[in-house]
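Peer 1: In terms of full-length UniProt numbering, the sequence shown is residues 1 to 422.
The hints are simulated quantities; they were obtained by calculation from the structure and are not laboratory data. Honestly, I wouldn't trust all of these hints.
DSS-like cross-link-like pairs, simulated, lysine-lysine; straight-line CA separation at most 27 Å [said to hold, decoys possible]:
(1) 419 to 304
(2) 176 to 132
(3) 50 to 178
(4) 304 to 176
(5) 178 to 214
(6) 132 to 18
(7) 244 to 132
(8) 214 to 176
(9) 102 to 50
(10) 412 to 176
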Amino acid sequence: TQKLNQWFTKFGNVNFFKTIFLTSAYLYPVSILLLIGELVLSVLIVQNVKYTEIDWVAYMQEVEGFLNGTFDYSQLEGDTGPLVYPAGFVYIYSSLYYLTNKGANVRLAQYVFVGLYALTLLLVFRIYILTKKVPAYVLIIMCCTTYRIHSIFMLRLFNDPFAMTLLYLSINLFLKNKWNLGSIIYSFAVSVKMNILLFSPALLLAYIHVLGLKGAVVQLALCASVQVFLGLPFLITNPLAYIKGSFNLGRVFQHQWTVNWRFLPENIFIHPIFHALLFTGHIFTLWFFFNICNTFMRSYSRLKYLEGEVAHDMKKCASAKVDMSTLSQLFVFPMFLANLIGVVFSRSLHYQFYIWYYHSLPYLLWCTDLSVTFRLMLLGLIELSWNTYPSTIASSTILHFTHIVILFNVYKTNAARLKAKI
Numbered sequence: 001t002q003k004l005n006q007w008f009t010k011f012g013n014v015n016f017f018k019t020i021f022l023t024s025a026y027l028y029p030v031s032i033l034l035l036i037g038e039l040v041l042s043v044l045i046v047q048n049v050k051y052t053e054i055d056w057v058a059y060m061q062e063v064e065g066f067l068n069g070t071f072d073y074s075q076l077e078g079d080t081g082p083l084v085y086p087a088g089f090v091y092i093y094s095s096l097y098y099l100t101n102k103g104a105n106v107r108l109a110q111y112v113f114v115g116l117y118a119l120t121l122l123l124v125f126r127i128y129i130l131t132k133k134v135p136a137y138v139l140i141i142m143c144c145t146t147y148r149i150h151s152i153f154m155l156r157l158f159n160d161p162f163a164m165t166l167l168y169l170s171i172n173l174f175l176k177n178k179w180n181l182g183s184i185i186y187s188f189a190v191s192v193k194m195n196i197l198l199f200s201p202a203l204l205l206a207y208i209h210v211l212g213l214k215g216a217v218v219q220l221a222l223c224a225s226v227q228v229f230l231g232l233p234f235l236i237t238n239p240l241a242y243i244k245g246s247f248n249l250g251r252v253f254q255h256q257w258t259v260n261w262r263f264l265p266e267n268i269f270i271h272p273i274f275h276a277l278l279f280t281g282h283i284f285t286l287w288f289f290f291n292i293c294n295t296f297m298r299s300y301s302r303l304k305y306l307e308g309e310v311a312h313d314m315k316k317c318a319s320a321k322v323d324m325s326t327l328s329q330l331f332v333f334p335m336f337l338a339n340l341i342g343v344v345f346s347r348s349l350h351y352q353f354y355i356w357y358y359h360s361l362p363y364l365l366w367c368t369d370l371s372v373t374f375r376l377m378l379l380g381l382i383e384l385s386w387n388t389y390p391s392t393i394a395s396s397t398i399l400h401f402t403h404i405v406i407l408f409n410v411y412k413t414n415a416a417r418l419k420a421k422i
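With the hints as extra help, turn the sequences into a complete structure.
Peer 2: Rendered as C-alpha cells:
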C-alpha cells in the first residue's frame, strides 16, 4: 500500500501530467505513442478511405519508358504531360513500378507510403526531441491536424513525401556531424523534387561556418557529383533535354490548381514579370534575415566545437554528463526559416506542397514571442486554407496573411534577442 501511495504521489498528480504535456521533458515517450497511433490510423485510412487517382498512373507511365530503354528525357511522358522531375524520382518510382506489378497493385503502394509516413514522423520527432523547442502537446496537435498530410501520403502517392523524408534524414545526419552522408542524402532529395533547394541558403551558411570555405567547396562538389551520377544515363543521351526537363525553373503552373494565388487574375498569375517580382522578393527576404541566420549558424559552429572539446574531457569522467542537444536549435531554425521564405514566394503552391513545411511550422511559431493562443490560431488558419477545396480568394488571402505574420514575428523576436545579447 505504501508503494502504491508513493507511485500515485509521483505519477498521479496534476503536476506530473503538466510536466508531460506542457514541457519538452517527455518528448521521447510521447513521440513513441504518437508514432504507434499514427501507424494504426494510417492502416485504417488505407483500408477504409477510397484512394484517389491523380498522378500515380502518370508516374508509372513515365518510368515505364525509362525501364523500356528510353533515356532521352524529352521522350518520357505520361497522361499528365512530360516528365518534369530529376533522376532520383525516376529510380524511386521505377522501384515502385516493379514492386507493385507495373503500378497495378495500388494497395501495396499505399502501404509503402504508410511506412514512408512512419519514417518521416520518426525523423521529424527526432529533430523536435533534439532541439527541445516545443512542449509535447504541440506534437500531439501536429498529429491531430494531419488530414491533408495523410491524404498526400496514403491516398495520393505523390513524390513530395519521398523528397521531404530524405530532407529530414539529411538534417538528422547534419546534426550528428555526418556531413558527407548528409550532403549525399540532401542531394538525393533534390533529385526527387527541386523544392528541397529552398533549404540551400541556410545549408550553405552551415557549410561555411562549420566546415570552413574549403570544406564548403568539398560539400558542394559532393552534392553536384551526386546529381551528375544520378543523371548520367540521361546526360549522356540528351543533356539539354534532361537539364531543361528536370530542372526547369521557368515552368508555368496552371491557375486552377493554385492554393496561394487564387485572388490574382490568371493573366497576372502566369506573367513573367510577376514571377520576376516573386524571385526578387525571395532574394530580398533572404537578405533581410541574413544577419539572424548567419549569427545562428556561427554560434552553432562555435558551440559544436565546444561540444567536441567537452565530450573529449567527459570521457575521462564516466559519471559526468553535459546535455548540449539544444544547440541543435541554432542549426534547425535557419533551415526551417529559409524553407518558409521560399514557400511564401513560390509561384504556385499545390495541395501536395503542404508537406513542404507542415512539420516545421510549429517549430517556427515557437521561435516567436507570440502567445500560445495566437500561435495555435495561426496554425488553425493555415490548416483551414490548405483544406479549402477548391481554393478561394479568402483562403489564399488568409494563407498569405498567416505567412506574413509568422515571418514578421520570427524576425521581431529573434532580432530583439540578438540585439539584447550584443
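Peer 1: All the hints need checking, so say for each whether the structure fits it.
Peer 2: Hint by hint, here is what the structure shows:
1. Distance check on the hinted pair: residue 419 and residue 304 sit about 23 Å apart at the alpha-carbon level, within 27 Å; holds.
2. Proximity of residue 176 to residue 132 is assessed by CA-CA distance (about 16 Å); at most 27 Å being required, the pair is judged to hold.
3. Restraint check for residue 50 and residue 178: not satisfied, since their Cα atoms lie roughly 41 Å apart, outside the 27 Å limit.
4. A distance of roughly 10 Å separates the Cα atoms of residue 304 and residue 176; the hinted pair therefore holds under the 27 Å criterion.
5. A C-alpha spacing of about 17 Å is found between residue 178 and residue 214, which places the hinted pair at or below 27 Å, so the restraint holds.
6. Of the supplied pair hints, the one linking residue 132 and residue 18 holds, its CA atoms being roughly 16 Å apart against a limit of 27 Å.
7. Between residue 244 and residue 132 the CA atoms are separated by roughly 42 Å; this puts the pair beyond 27 Å, and the hint is violated.
8. Pair hint residue 214 plus residue 176 holds up; C-alpha atoms about 20 Å apart against a cutoff of 27 Å.
9. Under the criterion of a C-alpha separation no larger than 27 Å, the hint pairing residue 102 with residue 50 is consistent with the structure, at around 21 Å.
10. Proposed proximity of residue 412 and residue 176 is contradicted: the alpha carbons are some 30 Å apart, above 27 Å.
Going down the numbered hints, you'll see the structure goes against 3, 7 and 10, while the others check out.
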